[in-house]
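Enquirer: The lines below spell out each chain.
There are 4 protein chains.
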Amino acid sequence: MIINGVQIDDTFAEAFPMRATRVIITAQNLKWAYHAANAMTGFATSVIACGCEAGIERELAPSETPDGRPGVAAMIFAMGGKGLAKQLETRAGQCVLTSPTSALFAGIHEGEKIALGKNLRYFGDGFQISKRINGKRYWRVPVMDGEFLTEETTGMVKAIGGGNFLILAESQPQALAACEAAIEAMKKIPNVIMPFPGGVVRSGSKVGSKYKALNASTNDAFCPTLKGQTETDLSPEIESVMEIVIDGLTDEDINKAMRAGIQAACGLGATRGIRRISAGNYGGKLGPFLFHLRKIME
Amino acid sequence: MIINGVQIDDTFAEAFPMRATRVIITAQNLKWAYHAANAMTGFATSVIACGCEAGIERELAPSETPDGRPGVAAMIFAMGGKGLAKQLETRAGQCVLTSPTSALFAGIHEGEKIALGKNLRYFGDGFQISKRINGKRYWRVPVMDGEFLTEETTGMVKAIGGGNFLILAESQPQALAACEAAIEAMKKIPNVIMPFPGGVVRSGSKVGSKYKALNASTNDAFCPTLKGQTETDLSPEIESVMEIVIDGLTDEDINKAMRAGIQAACGLGATRGIRRISAGNYGGKLGPFLFHLRKIME
Amino acid sequence: MIINGVQIDDTFAEAFPMRATRVIITAQNLKWAYHAANAMTGFATSVIACGCEAGIERELAPSETPDGRPGVAAMIFAMGGKGLAKQLETRAGQCVLTSPTSALFAGIHEGEKIALGKNLRYFGDGFQISKRINGKRYWRVPVMDGEFLTEETTGMVKAIGGGNFLILAESQPQALAACEAAIEAMKKIPNVIMPFPGGVVRSGSKVGSKYKALNASTNDAFCPTLKGQTETDLSPEIESVMEIVIDGLTDEDINKAMRAGIQAACGLGATRGIRRISAGNYGGKLGPFLFHLRKIME
Amino acid sequence: MIINGVQIDDTFAEAFPMRATRVIITAQNLKWAYHAANAMTGFATSVIACGCEAGIERELAPSETPDGRPGVAAMIFAMGGKGLAKQLETRAGQCVLTSPTSALFAGIHEGEKIALGKNLRYFGDGFQISKRINGKRYWRVPVMDGEFLTEETTGMVKAIGGGNFLILAESQPQALAACEAAIEAMKKIPNVIMPFPGGVVRSGSKVGSKYKALNASTNDAFCPTLKGQTETDLSPEIESVMEIVIDGLTDEDINKAMRAGIQAACGLGATRGIRRISAGNYGGKLGPFLFHLRKIME
Chain A
46 MIINGVQIDD
56 TFAEAFPMRA
66 TRVIITAQNL
76 KWAYHAANAM
86 TGFATSVIAC
96 GCEAGIEREL
106 APSETPDGRP
116 GVAAMIFAMG
126 GKGLAKQLET
136 RAGQCVLTSP
146 TSALFAGIHE
156 GEKIALGKNL
166 RYFGDGFQIS
176 KRINGKRYWR
186 VPVMDGEFLT
196 EETTGMVKAI
206 GGGNFLILAE
216 SQPQALAACE
226 AAIEAMKKIP
236 NVIMPFPGGV
246 VRSGSKVGSK
256 YKALNASTND
266 AFCPTLKGQT
276 ETDLSPEIES
286 VMEIVIDGLT
296 DEDINKAMRA
306 GIQAACGLGA
316 TRGIRRISAG
326 NYGGKLGPFL
336 FHLRKIME
Chain B
46 MIINGVQIDD
56 TFAEAFPMRA
66 TRVIITAQNL
76 KWAYHAANAM
86 TGFATSVIAC
96 GCEAGIEREL
106 APSETPDGRP
116 GVAAMIFAMG
126 GKGLAKQLET
136 RAGQCVLTSP
146 TSALFAGIHE
156 GEKIALGKNL
166 RYFGDGFQIS
176 KRINGKRYWR
186 VPVMDGEFLT
196 EETTGMVKAI
206 GGGNFLILAE
216 SQPQALAACE
226 AAIEAMKKIP
236 NVIMPFPGGV
246 VRSGSKVGSK
256 YKALNASTND
266 AFCPTLKGQT
276 ETDLSPEIES
286 VMEIVIDGLT
296 DEDINKAMRA
306 GIQAACGLGA
316 TRGIRRISAG
326 NYGGKLGPFL
336 FHLRKIME
Chain C
46 MIINGVQIDD
56 TFAEAFPMRA
66 TRVIITAQNL
76 KWAYHAANAM
86 TGFATSVIAC
96 GCEAGIEREL
106 APSETPDGRP
116 GVAAMIFAMG
126 GKGLAKQLET
136 RAGQCVLTSP
146 TSALFAGIHE
156 GEKIALGKNL
166 RYFGDGFQIS
176 KRINGKRYWR
186 VPVMDGEFLT
196 EETTGMVKAI
206 GGGNFLILAE
216 SQPQALAACE
226 AAIEAMKKIP
236 NVIMPFPGGV
246 VRSGSKVGSK
256 YKALNASTND
266 AFCPTLKGQT
276 ETDLSPEIES
286 VMEIVIDGLT
296 DEDINKAMRA
306 GIQAACGLGA
316 TRGIRRISAG
326 NYGGKLGPFL
336 FHLRKIME
Chain D
46 MIINGVQIDD
56 TFAEAFPMRA
66 TRVIITAQNL
76 KWAYHAANAM
86 TGFATSVIAC
96 GCEAGIEREL
106 APSETPDGRP
116 GVAAMIFAMG
126 GKGLAKQLET
136 RAGQCVLTSP
146 TSALFAGIHE
156 GEKIALGKNL
166 RYFGDGFQIS
176 KRINGKRYWR
186 VPVMDGEFLT
196 EETTGMVKAI
206 GGGNFLILAE
216 SQPQALAACE
226 AAIEAMKKIP
236 NVIMPFPGGV
246 VRSGSKVGSK
256 YKALNASTND
266 AFCPTLKGQT
276 ETDLSPEIES
286 VMEIVIDGLT
296 DEDINKAMRA
306 GIQAACGLGA
316 TRGIRRISAG
326 NYGGKLGPFL
336 FHLRKIME
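Protein chains in written order, with my numbering: chain A, 46 to 343; chain B, 46 to 343; chain C, 46 to 343; chain D, 46 to 343.
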């Protein structure tokens with residue numbers, strides 16, 4: 046399969062089950078909603094070392110938020126419910142409760158309820174006030190700038206982590222340009238985040254290492270500088286490879302995001318140095334979610 | 046003391062010793078240097094819950110970076126050297142090694158050496174190459190987009206955490222406007238970071254709580270909505286209080302940042318609703334660094 | 046009428062007929078689409094002195110643009126068709142044709158056709174190539190970075206200029222905060238632009254002046270510093286007034302934008318210093334479009 | 046001459062005399078200073094069609110501005126003093142006087158005095174107040190959000206327009222990446238602006254055209270798509286060319302900016318597709334300022 050001169054490999058991305066939640070952060074204006082959301086979703090690129098994977102999903106108009114103020118939706122993914130709840134509580138307490146003019150609400154109402162304001166409320170030292178509106182419980186916690194308004198719980202649902210594709214290009218600036226195009230397009234798809242810095246990861250890894258203490262190491266088959274030293278998967282004209290990793294609520298969400306991203310990357314085309322799209326997998330052993338590139342792009 | 050109609054309290058901020066390091070992150074352009082630096086310094090508002098306090102110190106011209114590319118300087122503060130080294134390694138590994146086109150260098154050459162590329166290099170699975178230039182050791186680690194270049198070590202120095210001041214205003218938008226003015230001015234001072242979201246914290250705390258499990262709770266004496274329910278420190282016209290916390294390398298650095306910030310906040314003046322500047326302390330018991338507001342503003 | 050403690054005056058905004066067009070600017074990524082669009086819509090706050098009023102309407106996903114690349118929609122308003130065509134040609138030629146990687150397309154297909162690429166094509170010095178796709182004519186103009194692709198014409202439609210409302214607050218930072226909230230909300234409404242810097246104008250004018258050469262001068266009745274010197278329209282607690290001007294395709298579009306903006310401004314409420322919403326008019330003489338605040342907010 | 050694999054042509058940029066001024070725009074915060082400055086310097090890429098060339102020179106700390114607030118310095122260039130004065134007055138009146146919380150000051154004190162607030166003051170309709178501080182005259186003009194403070198005059202000095210260099214690359218994304226690196230570096234050099242969108246122009250022109258009404262047309266010798274149809278100046282591997290135009294106060298300023306920009310572009314190197322740096326000139330006939338690339342890069 047060839048799109049605009051770019052080869053789509055006959056391969057698949059392999060993804061695994063996670064748990065996810067979404068919260069809505071509002072503030073006096075979008076700038077401060079982003080300050081809180083960026084802090085809360087920072088240092089959250091990979092669940093193993095960071096405890097979760099997190100990102101901003103999208104911007105919300107005042108008409109879309111519970112308190113009629115501007116806001117953003119942020120999503121957090123973890124391997125299990127307990128870890129997710131812990132990360133949510135710590136990150137919300139450190140980065141949203143603290144942030145000027147902010148309020149914090151549930152962004153999913155399905156699934157299992159996990160604590161949002163339920164534990165944060167104790168910061169109020171007994172001065173907090175419970176409020177019930179339309180069957181939902183909120184907390185008003187007195188803080189120095191006024192009150193921190195937060196919903197009692199948010200929903201936790203099943204989700205999928207590790208959707209991905211690789212962009213192979215003739216040079217680093219071209220690979221980066223294709224990634225930027227892909228990320229811009231993917232940000233407009235709901236229910237997904239791309240957890241790495243700017244949405245892109247350039248240090249793809251293989252399982253195992255010659256150093257016993259390490260579980261993972263550089264994916265030498267995809268490193269352009271190692272073409273002569275290892276069994277490479279790269280043809281001579283490929284000089285740079287970048288990967289986009291996607292976490293999403295359902296396989297359909299990840300499908301849509303991968304499709305939008307690959308389409309945008311191929312938009313630059315072979316004449317602008319984009320040569321091949323591939324994906325990372327573990328031979329289908331990790332599973333159970335497989336995203337076949339060619340099926341997605343049909 | 047009155048500046049532009051704003052009362053400067055006769056009080057002091059109380060700060061404590063920390064350990065700090067600075068790193069330089071470069072990339073193909075500033076946008077991607079910021080992506081890496083924002084990820085690395087995210088979720089780092091308060092050392093107790095986040096493991097460190099971190100922030101971007103400033104933007105660097107190509108002529109100021111080791112590899113002649115655009116970059117940013119980021120600083121990380123922790124309670125001790127071991128914790129700092131651990132946070133640096135994990136955050137650099139997850140957020141800079143992974144980030145497209147990035148390189149990572151020491152930002153301080155004094156003090157004790159701590160690992161920067163020294164451990165990250167093992168990701169290269171034996172393909173990494175050591176390089177010595179002008180007496181400094183670097184590592185070239187093969188990654189998918191080319192190579193990750195990183196310096197062997199960076200310096201760790203004594204530092205100070207917890208410099209702070211409070212802005213008391215007639216309304217929340219006014220307090221926020223004064224904080225924005227203060228943060229813009231403080232960002233131009235070297236050797237300091239303001240670790241909270243957007244540089245500001247609105248949930249000041251007191252030691253202790255009526256809930257035994259909690260060590261800290263809302264500073265009710267500074268909560269405008271609690272004026273009638275607690276022994277308040279606020280006069281009737283104060284309706285919003287925000288705090289700026291500063292970590293810096295020396296007390297002179299924190300002095301300069303506090304001075305610039307208070308000056309900028311007072312620039313709005315009493316006619317724009319800014320009424321009082323105060324500071325948080327523990328009666329001098331925590332110490333040993335005391336920052337007297339009036340001495341700073343003389 | 047009172048919303049969240051804010052008085053809505055029993056008055057109306059008065060607007061007048063204009064001509065408008067919309068164009069779509071695409072580029073390699075959004076950053077460069079914005080560079081071109083910001084340049085093209087700069088210095089375009091008021092039609093009398095700038096020749097047109099212009100602004101960015103909204104961001105476009107690749108799936109919404111003719112060439113499948115990221116883009117933005119920009120709108121230009123002028124008093125008549127001839128002036129509009131001239132402004133469009135000059136601004137597109139100076140700011141979009143020149144901008145790296147850009148392409149330029151029609152953003153309205155109704156109304157009268159006016160030249161877009163039709164005249165710009167001559168820059169190609171005879172090397173330009175015509176292309177017809179789905180009944181539309183395009184030009185491919187050779188430039189140094191490759192080709193400038195542009196559509197032959199765009200549509201010009203009837204439109205309305207001068208929708209507006211005033212925010213009256215207890216202080217300048219509060220008025221500004223309410224304007225920021227209003228503008229964020231209004232940017233999400235289609236078919237409108239707010240042509241002043243950041244969407245806001247603080248120098249409202251009255252017709253006439255004591256200096257004969259001037260047709261307009263400061264609206265002294267709304268200047269807080271002139272309360273003692275002129276017949277003021279401001280009560281003692283009002284210390285700052287800001288205005289938002291809206292140009293839109295239809296009165297329904299301006300209605301929606303005014304509603305969203307006033308709602309957002311009132312969201313801050315009287316407790317945050319927002320006291321009154323008013324509007325500017327000429328006693329109904331300029332007309333013919335009248336926007337009654339209370340009818341809009343019903 | 047070869048830098049990092051990139052050929053530096055043995056040629057020169059040719060520039061011509063202009064007049065220039067600098068103004069300082071301050072506001073409640075940087076965001077609003079930028080709103081005013083971006084509006085004022087918009088649609089100002091080329092003096093012939095826009096009336097002037099303008100751009101933001103740099104950001105200013107509160108300690109660097111006359112009123113101790115955050116600000117930006119903007120520069121305007123025109124062919125003669127009369128045109129410059131007219132552009133300054135119109136643009137300042139439409140884009141700075143109108144912009145919430147702004148103030149406007151001289152940014153150069155040498156040279157001939159031209160009107161800044163001198164004419165804008167009449168907007169105050171007789172309510173404006175003159176103020177003399179340290180020998181400089183200011184005007185306080187009552188406006189709806191409070192007062193517009195502006196200095197009576199600013200300085201106009203001799204300047205140079207049309208410094209430039211060309212970046213020749215193997216593909217459009219690579220040329221763009223090199224331009225972004227160059228612009229980031231050049232923005233840190235004082236006394237210069239790069240007036241095109243994002244600092245870059247991709248539609249280089251030659252004098253004359255086959256259409257008699259046109260004075261300039263596409264520089265076909267540098268258009269990659271015309272290699273087979275015209276006498277090209279491009280070797281087969283060059284597929285994209287972009288230009289950076291610089292206006293500056295002195296030839297030394299332009300020298301420094303060109304040097305910083307070329308250095309940064311060459312930083313990407315031949316391995317990332319950057320192959321050649323050239324410059325635009327008229328055979329030395331336009332003059333009188335010649336910038337020899339190899340001399341600059343020595």
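Among these hints, one or two may not hold up.
Because identical chains cannot be distinguished in the list, a pair is counted as satisfied if it fits within a single copy or across any two copies.
DSSO-like, lysine-lysine: derived pairs with alpha carbons at most 27 Å apart [what the hints assert, rightly or not]: (1) Lys330 with Lys233; (2) Lys76 with Lys257; (3) Lys301 with Lys233; (4) Lys76 with Lys233.
No lab work stands behind these hints, which were simulated from the structure alone.
Enquirer: It remains to establish, for every hint, whether it holds in the given structure.
Expert: A quick look at each hint next to the structure:
no.: 1; hint: Lys330 with Lys233; verdict: neither (31 Å within a copy, 45 Å between copies)
no.: 2; hint: Lys76 with Lys257; verdict: neither (46 Å within a copy, 36 Å between copies)
no.: 3; hint: Lys301 with Lys233; verdict: both (10 Å within a copy, 24 Å between copies)
no.: 4; hint: Lys76 with Lys233; verdict: both (19 Å within a copy, 16 Å between copies)
In the structure shown, a violation is registered for the earlier hints numbered 1, 2, in ascending order.
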